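Read off the chains here:
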Amino acid sequence: MTSIIIIAITAIVVLYLGLYKVKGALLPVSVLGLLGAEASLVCGWDKNISYFNEMLVFNNYAIAFSILLIATTILIFLMSGNYFEKISSNVAEYYTILLFALTGGITMVSFQNMTMLFIGIEILSVSMYIMAGIKKNDTSSNEAALKYFLMGSFATGILLFGIALIYGATGSFNLTEIAGKASEQPFLFYTGVIFMLIAMTFKVGAAPFHFWTPDVYQGAPTLVTSYMSTVVKTAGFAAFLRLFGSAFSSVPPIWTVTIAAMVVITLLIGNITAAFQQNVKRMLAYSSISHAGYMLIAILLLGQASPNAILIYSVAYSIASVASFGVIVAVKEHKGSDDLSAFNGLGRTNPVLAFVMTVALCSLGGIPLTAGFFGKFYIFGVAIAANYTWLIAIAVLMAAVGIYYYFKVIIAMYLRDSESGESIQLNGSYQFVLIFCVLVTILLGIAPSLITNIL
Amino acid sequence: MTVTQSLFYFLAFVAIFSSLLVVLAKNPIHSVLYLILTFFTLTGEYILLNAQFVGIVNIIVYAGAIMVLFLFVIMLLNLNVQTEPQKTNLIKFIGIITGGIGLVVLTGSLKASDPSNLVVIQNVDMGLVKNLGKVLFKDFLLPFEIVSILFLSAMVGAVLLARKETK
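Protein chains in written order, with our numbering: chain P, 4 to 458; chain G, 12 to 178.
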């Protein structure tokens, strides 16, 4: 709760700093506020505090995910340097909206009451609709914002319908009370569960509700895309698991077949379509769909190990995504394109950038000695414990397809020749973020026990 | 049949009839006008349930603000039958199937649920403004406050997107 207040106040302060044209102070103040929020979260560890009639409960699950969300935001902010200034002069507003979006994300991971879930999702989504469209003169950015907005509001309507049906069946918005009264009106309750399932899978971008993802991810400014594919997705999955794990786990899981089908479709569509993309940004958009498929496995097989598996996967995926999108931003600014051909010969002209990209892509693909390997390892561990061998077979096969298209970029960087031999100059904080992401990815790949026993 | 019951059936009939016309009307402006009629009948139903606040808000927000916006957009864009995108038969078929399945699921679940203690309103004055205010400022204080972040974000965004670039 303190963290939400700190971030909201930071956002308003940043808005005022923009009003008085204190350009230089925007980034330091935002990062300082975020660090303060991190500190307040760490202080609440193991305390399990609930606020305002159990509207929000900051248990360790909520705190771990909030810390991850804030840390990812700090990394993205540090990369923003002068990225936003190239779009327009309203930099303060961009930071403000991203900070507001973060409060929505923290509300989503710590909710105990359906109203807070709804408000959290809305804050995050509305902020993202706006951020997707900040390039006002770019048609694809406009299209991304409008498409995201129309489809997102439709999904929100379905979510509300689901919440209303569940309230009708149980007479409560509170997760534990819902779990207690779940079997009183089974049919109404199940219909509500399916509606909420549809809305949540839309928000995390799993098939068959994934159609907005590629266009929105490609159309939005790249730094905003990296925010969407990390913070928004992590918050979505954390809320998804919190909802299904606590409120809906007391009844027999009728949704198993539905989610299992979704996992298979998501993995197939995400990975196979990604393999045909020539644009690296669009390829990462499809790969983010496939990652949603892997994370859904942990929700399909709800158990003791699910929260930890989702946390490890989110950490590995967020860090690797920040690094890979960071490299894409740098390449795009230098060469004016984010197609596969723009990466030709990057290994010779910019060895460090190419190395960062290689580590990030290996982590996304799940190669050992990177954090992504343990992300997939723990997710598959959940499935093996529940005897879902066939699902593991499909998932491993699709992971192999994933390695194929991630390596297309790596091959282009190291084995093809580039037209221009100039190297790309990056400022200090940008380099810091990229190196930091690589170090964390490798560190967690060697010593995963640092985070595996947190929850 | 009491007066309340006959009123309920009358309003329900008008609501269903006009919402069907919303979908079936060829002219978008007629569609919107039927939608306004639907909102008014729903407001009547809310008042029959003794939920005056929801009824009034329904009129002010939906029939007032949002419908006017709808009408403006339709008139400004000059939408009519010709500009309406034609859908292929396959899409129509898929739409009918999925919509029909949704209808079956919803009617089935509503029919199967018996009016137990949870569903029936215990306190007839629950929907009054006084009670609503008490609940809103006591039990649901936090959502009420957090919503302000949502509005602030949306306002900042609206100004951001609508403002002309100085460059």
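FYI, nobody ran anything at the bench for these hints, they're computed from the structure.
All figures in this text were calculated on a predicted structure; none of them were measured in a lab.
Backbone N, C-alpha and C fix where the C-beta goes; we use that ideal spot for every residue, glycine too.
Just to be clear, a hint being listed does not mean it is correct.
Stated by the list, open to error - Computed spacing ranges between beta-carbons, pair by pair:
#1 71(G) / 157(P): 19 to 25 Å
#2 170(G) / 344(P): 18 to 24 Å
#3 144(G) / 442(P): 39 to 45 Å
#4 427(P) / 86(G): 47 to 53 Å
#5 153(P) / 111(G): 37 to 43 Å
#6 149(G) / 427(P): 55 to 61 Å
- Query: Holds or violated: 18 to 24 Å for the Cβ distance of residue 170(G) and residue 344(P)?
  - Reply: Because 40 Å falls outside the window, the suggested range is violated.
- Is the distance from the Cβ of residue 427(P) to the Cβ of residue 86(G) consistent with 47 to 53 Å? The hinted range 47 to 53 Å holds for residue 427(P) and residue 86(G), with Cβ atoms some 51 Å apart.
- Message: Within 39 to 45 Å: is that where the Cβ-Cβ distance between residue 144(G) and residue 442(P) falls?
- Response: 54 Å, violated
- Return holds or violated for the Cβ distance of residue 153(P) and residue 111(G) against the range 37 to 43 Å. 24 Å, violated
- Between residue 71(G) and residue 157(P), does the beta-carbon spacing fit 19 to 25 Å? With a Cβ separation near 24 Å, residue 71(G) and residue 157(P) satisfy 19 to 25 Å, so the hint holds.
- Query: Quick one: are residue 149(G) and residue 427(P) within 55 to 61 Å, going by C-beta?
  - Reply: With a Cβ separation near 57 Å, residue 149(G) and residue 427(P) satisfy 55 to 61 Å, so the hint holds.
When the structure is compared with the earlier hints, violations turn up for hints 2, 3 and 5 and for no others.
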